[in-house]
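J.: Chains as they are written, first to last, in my numbering: chain A, 9 to 369; chain B, 4 to 248.
The hints are simulated quantities; they were obtained by calculation from the structure and are not laboratory data.
Computed from a predicted model, the values in this text were never measured in an experiment.
Be careful, since some hints might not be right.
Taking lysine to any residue pairs in the SDA-like style, the calculated list, with each CA pair at most 25 Å apart, reads [claimed, not checked]:
| # | chain 1 | residue 1 | chain 2 | residue 2 |
| --- | --- | --- | --- | --- |
| 1 | A | Lys215 | B | Glu36 |
| 2 | A | Lys134 | A | Lys212 |
| 3 | A | Lys49 | B | Asn61 |
| 4 | B | Lys10 | A | Leu218 |
| 5 | A | Lys237 | A | Asn254 |
| 6 | B | Lys205 | A | Ser198 |
| 7 | A | Lys220 | B | Lys205 |
If the Cβ cut is set under 10 Å, some of the chain A residues that face chain B in the computed set are [what the hints assert, rightly or not]:
| # | residue |
| --- | --- |
| 8 | Val57 |
| 9 | Val81 |
| 10 | Ala204 |
| 11 | Val219 |
The calculated label-pair distances, taken between Cβ atoms and stated as ranges, are [what the hints assert, rightly or not]:
| # | chain 1 | residue 1 | chain 2 | residue 2 | range |
| --- | --- | --- | --- | --- | --- |
| 12 | A | Asp225 | B | Glu12 | 25 to 31 Å |
| 13 | B | Gly132 | A | Met184 | 53 to 59 Å |
| 14 | B | Leu58 | A | Trp203 | 15 to 21 Å |
| 15 | A | Glu53 | B | Lys10 | 47 to 53 Å |
| 16 | B | Thr131 | A | Met9 | 52 to 58 Å |
| 17 | B | Thr131 | A | Glu327 | 20 to 26 Å |
| 18 | B | Val157 | A | Asn230 | 37 to 43 Å |
| 19 | B | Gly5 | A | Trp203 | 34 to 40 Å |
| 20 | A | Glu327 | B | Val154 | 48 to 54 Å |
| 21 | A | Ala202 | B | Thr131 | 51 to 57 Å |
Quick reminder that beta carbons are idealized off the backbone N, C-alpha and C, glycines included.
This is what each chain is made of:
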Amino acid sequence: MKKVLMKGNEAIGEAAIRAGCLNYFAYPITPQSEVAEYLSKRMPEVGGVFLQGESEVAVGYMIFGAAACGARVMTTSSSPGISLMSEAISYISGAECPAVFVNIMRGGPGLGGILPSQADYLQATKGGGHGDYRLLVMAPASVQEAVEMVMQAFPLAEKYRNPVMILGDGLIGQMMEPVAFPDQLRTEPSNKDAWATNGMDTRKSGKRNLVKSLYLDPTVLNNQNLKLKAKYDQMKREEIRFENYNIDVPYEALLVSYGTMSRVCKTAIDNLKTEGLEIGLVRPKTLFPFPEVAIREASRKPSCRVVLSIEMSMGQMLEDVERSVQGGKPVEWYGKCGGEVPTPEEVMDEIRLFLQRYGKE
Amino acid sequence: MGKTFQKPEALSDMPTHYCPGCTHGVIHRLIAEVIDEMNIRGKMVGIAPVGCAVLAYNYFTFDFQEAAHGRAPAMATGIKRVRPDLMVFTYQGDGDLASIGMGEIVHAANRGEKFTTIFVNNAVYGMTGGQMAPTTMPNQRTTTSPMGRNVAEVGMPIKVAELLASLQTPAYITRQTVIKPKYIVKAKKAIRKAFEYQLAGKCYSFVEVVSTCPTNWGLTPLEAVNWAENTMLPYYELGDKKVPD
Ligand SMILES: Cc1ncc(C[n+]2csc(CCOP(=O)(O)OP(=O)(O)O)c2C)c(N)n1
Ligand code: SF4
Numbered sequence: 009m010k011k012v013l014m015k016g017n018e019a020i021g022e023a024a025i026r027a028g029c030l031n032y033f034a035y036p037i038t039p040q041s042e043v044a045e046y047l048s049k050r051m052p053e054v055g056g057v058f059l060q061g062e063s064e065v066a067v068g069y070m071i072f073g074a075a076a077c078g079a080r081v082m083t084t085s086s087s088p089g090i091s092l093m094s095e096a097i098s099y100i101s102g103a104e105c106p107a108v109f110v111n112i113m114r115g116g117p118g119l120g121g122i123l124p125s126q127a128d129y130l131q132a133t134k135g136g137g138h139g140d141y142r143l144l145v146m147a148p149a150s151v152q153e154a155v156e157m158v159m160q161a162f163p164l165a166e167k168y169r170n171p172v173m174i175l176g177d178g179l180i181g182q183m184m185e186p187v188a189f190p191d192q193l194r195t196e197p198s199n200k201d202a203w204a205t206n207g208m209d210t211r212k213s214g215k216r217n218l219v220k221s222l223y224l225d226p227t228v229l230n231n232q233n234l235k236l237k238a239k240y241d242q243m244k245r246e247e248i249r250f251e252n253y254n255i256d257v258p259y260e261a262l263l264v265s266y267g268t269m270s271r272v273c274k275t276a277i278d279n280l281k282t283e284g285l286e287i288g289l290v291r292p293k294t295l296f297p298f299p300e301v302a303i304r305e306a307s308r309k310p311s312c313r314v315v316l317s318i319e320m321s322m323g324q325m326l327e328d329v330e331r332s333v334q335g336g337k338p339v340e341w342y343g344k345c346g347g348e349v350p351t352p353e354e355v356m357d358e359i360r361l362f363l364q365r366y367g368k369e
Numbered sequence: 004m005g006k007t008f009q010k011p012e013a014l015s016d017m018p019t020h021y022c023p024g025c026t027h028g029v030i031h032r033l034i035a036e037v038i039d040e041m042n043i044r045g046k047m048v049g050i051a052p053v054g055c056a057v058l059a060y061n062y063f064t065f066d067f068q069e070a071a072h073g074r075a076p077a078m079a080t081g082i083k084r085v086r087p088d089l090m091v092f093t094y095q096g097d098g099d100l101a102s103i104g105m106g107e108i109v110h111a112a113n114r115g116e117k118f119t120t121i122f123v124n125n126a127v128y129g130m131t132g133g134q135m136a137p138t139t140m141p142n143q144r145t146t147t148s149p150m151g152r153n154v155a156e157v158g159m160p161i162k163v164a165e166l167l168a169s170l171q172t173p174a175y176i177t178r179q180t181v182i183k184p185k186y187i188v189k190a191k192k193a194i195r196k197a198f199e200y201q202l203a204g205k206c207y208s209f210v211e212v213v214s215t216c217p218t219n220w221g222l223t224p225l226e227a228v229n230w231a232e233n234t235m236l237p238y239y240e241l242g243d244k245k246v247p248d
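When you get a sec, could you build the whole thing from the sequences and use the hints?
T.: Below, the structure is given as structure tokens:
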């Protein structure tokens, strides 16, 4: 496959088209505005829909309306924009429609900053909007992986009739890397006639379809929530993705890190190896469902003395890592959140520090 | 002999939950009649609001989506952009459209989205128990303006039809009412015109319907009709506010 050098944000836009998504609505926000700029040119070329909405609130519902009539749709935004879309994400989850949301995270809370961050972990994996719902959340660590995840996200959203979120950080959006685009996937969501409001005329059944999330009868609403829970449980069985790095050796510490941060961790691991120190890494590629079992098993290696959650957030993933390790080993956190990515040297220093605290060095 | 009067096919058999004297039901029927007459039921998608008409989808027999409070115009935009062949209308109350959803309606209209809005103006939040709306009349008592709407504090009621008609983008914007039989024929004609403009892909179309809420106005159905006619109609003047060339 031929590789081209592309900026992450533009590659994300191109990946959507290659995945058969010809419907894109968005509102500009740094550091992801290039997706909209790119698709404002590309969508007309491929006969697709590009529309810049008046706000992220509206864009969320443009996505909802389009998704509800069976179209393959995507939006991209960054942290404050995702907050505004959270209302729609809750409704889309409640109404069980497929849609892809890309969050190229920047620092927060509030206006925060425009540099890379991973501070929306909890928002993405634990809610954001109201009610009992979950998103399938995928976290790319390179432009290539962002492309692949965007292309996987559409069939996954359609399989579960649930929003899928690609949680990248500003670096993934802004950096240029060589990227190869996999072959085109399906171009049409399947079985939409069973549920989508695509017009009765288009369906053999002659039955009308209804897309809604209101259930005034408590028993019915409870059952709907049980149905949604079963879906999230199925994701936990079938969709967990992660990468192991340097875990076939007797490592003294286990790192858990995702996205851009995990690449820094890998460099730190390689550097420490040359100094004779072995460190393992589990990199979640899906943040929901979270690779709990993989982390728990990796933490149980007898040589492993401490588990470190290394993030560009103030310990948001730490809670999931602790939950995964289940008290078997001490779990600690290191991270930064202003938009500066911790350097390999800083990570190496932290690893040494924690190894000292938990035994030898 | 054939039947001279029957339920439109676009209307379901389900009895509505609307209060006695409420005109939501009349407006539903007019929409259904027009859809039948234009033979467009099979490509229709309705969008229900948050408000008393939240269950509107139960009373029609074609595809329906349910929106969040005020967001119906954005949903309709999403549908029409990806499926211009579908017919789409939003059905929205005044709290829904003129308050929380003001941004969505103004921008959808200004973009010239090719869908239709049926805007039911009853000068109050009906569903949540009669709170003040942006359309509440001066001095009108509501549960959140117990002394009457004080325009010095909260401004004058918003005339949405006129507001949207001020936009430069071509559109069909009209205000009608269904409070008395003499107005109903005109209201139906306006709804039909709105759908025809949409079908022709011509412009955004908006029909404001001055309506009643006897329950929250604390009036009998007859008193409510008279209050609407005497208090609302002089302020919310009926008629076309904008027609496309
Ligand atoms: C985000 C949000 N805020 C508030 C509500 C509560 N709410 C439900 S209906 C309604 C008022 C609706 O009034 P209107 O649009 O005038 O319709 P009517 O009931 O009078 O027909 C409100 C405030 C809600 N459902 N969602
Ligand atoms: S509360 Fe008012 S608007 Fe709602 S159904 Fe009753 S009369 Fe109609």
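J.: Decide, hint by hint, whether the structure agrees.
T.: Hint check results:
1. Between Lys215(A) and Glu36(B), the direct Cα distance comes to roughly 20 Å. Compliance with the 25 Å bound is thereby established for this hinted pair.
2. Restraint check for Lys134(A) and Lys212(A): the C-alpha separation of about 39 Å exceeds 25 Å, so the hint is violated.
3. Proximity of Lys49(A) to Asn61(B) is assessed by CA-CA distance (about 42 Å); at most 25 Å being required, the pair is judged violated.
4. The suggested pairing of Lys10(B) with Leu218(A) holds, with an alpha-carbon distance near 21 Å, which does not exceed 25 Å.
5. A threshold of 25 Å between alpha carbons decides the hint, and for Lys237(A) with Asn254(A) the separation of about 35 Å lies outside it, so the pair is violated.
6. For the proposed pair Lys205(B) and Ser198(A), the alpha carbon gap of about 32 Å is over 25 Å, so the pair is violated.
7. Taken as a hint, the Lys220(A) and Lys205(B) pair is broken in the structure, with Cα atoms around 29 Å apart against an allowance of 25 Å.
8. Because the beta carbon of Val57(A) sits about 5 Å from the nearest beta carbon in chain B, less than 10 Å, this interface hint is met.
9. Residue-level restraint check for Val81(A) holds (minimum Cβ-Cβ distance to chain B is 7 Å; threshold 10 Å).
10. For Ala204(A), the shortest C-beta to C-beta distance to chain B is roughly 8 Å, which falls under 10 Å, so the interface hint holds.
11. For the restraint placing Val219(A) at the interface with chain B, the shortest Cβ-Cβ distance is roughly 5 Å, inside the 10 Å limit, so the hint holds.
12. Here the CB-CB span from Asp225(A) to Glu12(B) is close to 28 Å, well matched to the stated 25 to 31 Å.
13. The supplied range of 53 to 59 Å is met by Gly132(B) and Met184(A), whose beta-carbon atoms lie about 57 Å from each other.
14. At roughly 19 Å, the beta-carbon separation of Leu58(B) and Trp203(A) lies within the given 15 to 21 Å, and the hint holds.
15. Between Glu53(A) and Lys10(B) the CB atoms are about 49 Å apart, so this pair conforms to the stated range of 47 to 53 Å.
16. Here the CB-CB span from Thr131(B) to Met9(A) is close to 57 Å, well matched to the stated 52 to 58 Å.
17. At about 37 Å, the beta-carbon gap between Thr131(B) and Glu327(A) misses the expected band of 20 to 26 Å.
18. A C-beta distance of roughly 40 Å is found between Val157(B) and Asn230(A), which places it inside the suggested range of 37 to 43 Å.
19. Range check, Gly5(B) to Trp203(A): about 37 Å between beta-carbon atoms, so the 34 to 40 Å window is met.
20. Range check, Glu327(A) to Val154(B): about 51 Å between beta-carbon atoms, so the 48 to 54 Å window is met.
21. For Ala202(A) paired with Thr131(B), a C-beta distance near 34 Å fails the hint of 51 to 57 Å.
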